[in-house]
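Input sequences plus hints: build the corresponding full structure.
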Amino acid sequence: MSPSLIHTIPLSGQVINLCAAIMLLLGFAMLSQRRVLTLINLFMLQGLVLFTSTLIVAITTHQNHLLWSAGLTLVLKVIALPYILHRLIRRLSVKWDVDTLLNIPTTMLVGIALVVIAFNVAQPISHLSGTITRATIGIALACVLLAFLMMITRSKAVPQVIAFLAMENGLFFAATSATYGMPMVVELGIALDVMVGMVILGVFFFQIRQQFDSLDIRHMERAKEQ
Amino acid sequence: MIELALVLTIPLASSVLLALFGHRRGAAELNSAGSLLTLVAAGMLTVRVIGHGPMILFDQQFFVDPLNVFLIALTALVGFTTSLFSRPYMRVEHDHGRLSAARLRLYHSMFQMFMCTMLVALSTNNLGILWVAMEAATLTTVLLVALYRTPASLEAAWKYFILCGVGIAQALFGTILIYFAAERVLGHDGGALLWTHLDAVKTQLEPTVLSLAFVFVIVGYGTKTGLVPLHNWLPDAHAEGPTPVSAVLSGLLLNVALYAIIRCKVLVDGALHTHFAGNLMMAFGLLTVVVPAFYLSRTKDVKRLFGYSSIEHMGLITFAFGMGGPVASFAGLLHMTVHSLTKSAIFFAVGHASQMAGTQIIDDIKGLIKRSPTIGWGLMLGTLAILGMPPFGVFTSEFMILTTAIKHYPWATPILLTALGVAFASMFGKVQGMVFGEPTVKPLSHNPALLPVFVHLGLVLMLGLWIPPYLAEWYRQAAKFIG
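Residue numbers (the numbering used here), protein chains in the order written: chain L, 6 to 231; chain G, 50 to 532.
Think of the hints as simulated: they come from the structure by calculation, not from any bench.
Note that the Cβ used here is the ideal one computed from N, Cα and C, for glycine as well.
Where hints are given, some of them may not hold.
Stated by the list, open to error - Heads up, incomplete: computed chain G residues facing chain L, CB under 8 Å, no partners named:
#, residue
1, V191
2, L192
3, Y197
4, T257
5, L261
6, D412
7, K415
Claimed, not checked - Partner residues aside, some chain G positions facing chain L, computed with beta carbon under 7 Å:
#, residue
8, E184
9, A185
10, E232
Written as C-alpha cells, this is what we have:
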C-alpha cells in the first residue's frame, strides 16, 4: 500500500460510511413508504448513493473496473429502471397507496431485528476483510434483508418488484464493500439479467392487470381457490 | 474446443432463428433439428472428454470434466426427445385454440434459449457466470410457464419469479462470499471466481466465510432445486406451464441447480475438513423427501402430482450427496440420470393423456389404456419405474442410497422408507385409476410422438440391469471427485 493511499483512507472511508448509513436509512424509508411513486424515487435515490460510494471506492483505491461498475449503476439503477417504472405506473395508472400485509410499525420493528442479525452475521467477514469499506458489509447485508422483508410484506406487484431491485442494490453494495466488486464479466451478466427481468415483468404487469383487473397479488390467490 | 463451442452456440442460434421464423410452418421441425444438432455436438464432446480427459477452454472461462460432461450429454438428450414430443403436443394445443402462432414462436425460441442457459451453467468454470446463467434460465422459464396467459398460469409464473428471484439473490450473496474468501488467497483478478483455481487452493480458503457462503448457496440454489421449505413454486409451475416445459423443468433444470450446489460443496468440504456441508444437505434432503410424500395423496391435478414426486426425488438425491462417499455419490449421480429420463417420459405420457381427457384432474381421466395402449402403458410403466420398482434403474439407485444410509445413518432409513412407501401408495392408486377403467378420454387430432417415452424407459430399464462399463467408470470418477 502506498503512503498516499494510507493518508486518504480516513476521509474517503468516512464518506463511504456515510453513504452506507444513508443506504440503510433509505432501506427503512422504503419499508415504511405507502405510496408507489415515492417508492420509485426512494429506489432511485438508493441507486444514486450506491453510485457515489462505488465511485469513491474506485477513485481512492484505483480500481479502474469499479469505475465501469459505477457507470453501470448510474445508467441502470438511477436512470433506466426508475424511468421504466415511472412509465409503467403512468400507463397502468396505479398511483394509489400500497397495502401492506403487516402494519408498518410492526414491519419496522422486525426490520430493526433484521439489522441486528445482519451485523452479527457480517462480523466475522468484516474482521477478515482488508478493504477500506469493510465496516459497511453488515449494512449491505441489512439492506438485502430489509428488501427481503419488504418483498414478503407487500401485496401488490409493483412494490414487490421494487423490493426485488432494492435487494439487487444491497447485493451490489455487499460486493463492492467486501471485495471491491466482482469481475467485470459477472457484473455485466448480472446487469443484463436485471434488465431483461425488468422488461419481462413490465409485460407481465399488463397481463396480470388484464386477467385480474388489479395488480394485487391477493386476487390471484382467490383465482386459484375457485 | 470446437465441440463445446457448438454445444453452446447451436441452441443460441436456433433460438434467434426461431424468434424470427417460429410462427411459420416447420418451426417445430427446426426446433427438433436444432436440438438434434446440439445432441450430436454433445456426443462429440463426450467422446472427446473420454479420449483426452478434462479440458479447460476459452480463456479458462469454460471447462469440461467427468462431473459435468455427463450432465451436458443428459441435458442435450432430454432436450432433443422433448422437442420430438413437443411437435405433436403443441400442434394439438394450437388446434384446441389454446395457443396462437405468436405464442408458438415465443415457445420455440424460449425453449432453445432455456437449453442454452442450462448448457452454459453446466459448462462454465466461473461461479459468477454460473449464477448469471441460472438467473437467465429462471427468466426464460418464467415466460414459458406463463405461456397460456390464463389466471392460474400467470399466478404460477409470478410465484416462480418472485420465489426463485429471492432465492437466487441469496445464491449471489453466497457467491460474493466465496469470491471474498478466494480473493484473499488468489488476489484480485478474474481468476478468483474460476472453479478450477478455487479447487486448487480450497484448503487455504477461510472456513468461517465458506461455511456462511454455503448456507446462502444452498438456500439460493436450493430454491431452484425445489428443496423444502422453498419448494412452493414447483408444483404450480409444473402444473400450469405447457407439458414439454414441465418435462424439461423436472428432468433438467432441477439437476442443473443441484449441480451448482455440488460444485460449491466440493470447495466447502475442502476448506472445512468437516461434514458441515454434507449435514446441511442431508437435513434439507430428508425434509424434502418426507414433506411432499404427504402432499401426494391430496393432489387432484396430475401434473402437480408428478411435480411433488420430482421434489421428493430431488430430496433423495440431495440426501445421497449429503452422505457423501463413493457409493452414495455414485448412487446420487445415477439417480439424477434415471430420474431425469423417467420423469420426462412420464410427463410426455401425461401431456397426451390430459389432452385426450381435456383436463388435468386425475378423477376425470379414465381408461387411457383402452383408447391408446401406448400412452396407457407408457404412463403405467413410467410410474412403476419412478416409484422404484425393480428392474428399473430407479430401484438400483434407491437401493444403493438406502443401503449406504443403513450403514452410516441407520436412524434415517425408516424415515426414508416410510416416505417412499407413502408415495408409492398414493401415486400408484391414482395412476391405476387413470390407466384402467371405462374410457372417458377422446382420441387426439395428431398422432402423438411416443417414441421418446419408450426410449427413455428403455434406457432406465437398461441402467437397472446393466450399467455400461464406461458409464460406470465415469460415475465413479465423478463420485470420487465429489467426495
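Results of checking the hints against the structure:
no., hint, result
1, V191, "6 Å, holds"
2, L192, "6 Å, holds"
3, Y197, "11 Å, violated"
4, T257, "5 Å, holds"
5, L261, "7 Å, holds"
6, D412, "18 Å, violated"
7, K415, "24 Å, violated"
8, E184, "4 Å, holds"
9, A185, "6 Å, holds"
10, E232, "5 Å, holds"
Of the numbered hints given earlier, the model fails hints 3, 6 and 7; all others are met.
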